[in-house]
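**Student:** I would like the entire structure built from these sequences, with the hints used as guidance.
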Amino acid sequence: MKYRYTGPASGVTLADGQEILLWPAQVTELPADHEYVKTLVALGYLLPVADQILADSATEVTLGR
9 MKYRYTGPAS GVTLADGQEI LLWPAQVTEL PADHEYVKTL VALGYLLPVA DQILADSATE
69 VTLGR
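Quick note on this note's numbering: the sequence shown kicks off at 9 and runs consecutively.
Just so you know, these hints were derived from the structure itself, not from any lab.
Hints are not guaranteed to be accurate.
To be verified - Here are the in silico distance ranges between beta carbons for each label pair:
| no. | residue 1 | residue 2 | range |
| --- | --- | --- | --- |
| 1 | Ala58 | Gly25 | 18 to 24 Å |
| 2 | His42 | Pro16 | 28 to 34 Å |
| 3 | Gln26 | Pro56 | 15 to 21 Å |
Stated by the list, open to error - Heads up, simulated SDA-like pairs for lysine to any residue below, C-alpha to C-alpha not over 25 Å straight-line:
| no. | residue 1 | residue 2 |
| --- | --- | --- |
| 4 | Lys10 | Thr47 |
| 5 | Lys46 | Leu22 |
| 6 | Lys10 | Lys46 |
| 7 | Lys46 | Thr36 |
Glycine included, every Cβ here is placed at the ideal spot set by N, Cα and C.
**Tutor:** This is the structure in structure tokens:
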């Protein structure tokens, strides 16, 4: 699942050994069933992001060019 991180700069090592750096306002994919991810969601540091919002934010702004 994709989340927007809103906490302080941090990092997490997942059960498979993958290390993820978390930066404020960063969107990242994390496993929804991971205990630490559940904790960050409960604390309000991770907010689920809808795929449409990601598509909209990826649209290039050309200012009429």
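**Student:** Take the hints in turn and mark each one as holding or not.
**Tutor:** Quick rundown of the hints versus the structure:
no.: 1; hint: Ala58 - Gly25: 18 to 24 Å; in the structure: violated (29 Å)
no.: 2; hint: His42 - Pro16: 28 to 34 Å; in the structure: violated (19 Å)
no.: 3; hint: Gln26 - Pro56: 15 to 21 Å; in the structure: holds (20 Å)
no.: 4; hint: Lys10 - Thr47; in the structure: holds (15 Å)
no.: 5; hint: Lys46 - Leu22; in the structure: holds (13 Å)
no.: 6; hint: Lys10 - Lys46; in the structure: holds (13 Å)
no.: 7; hint: Lys46 - Thr36; in the structure: holds (14 Å)
Going through the hint list in order, the structure does not satisfy hints 1, 2.
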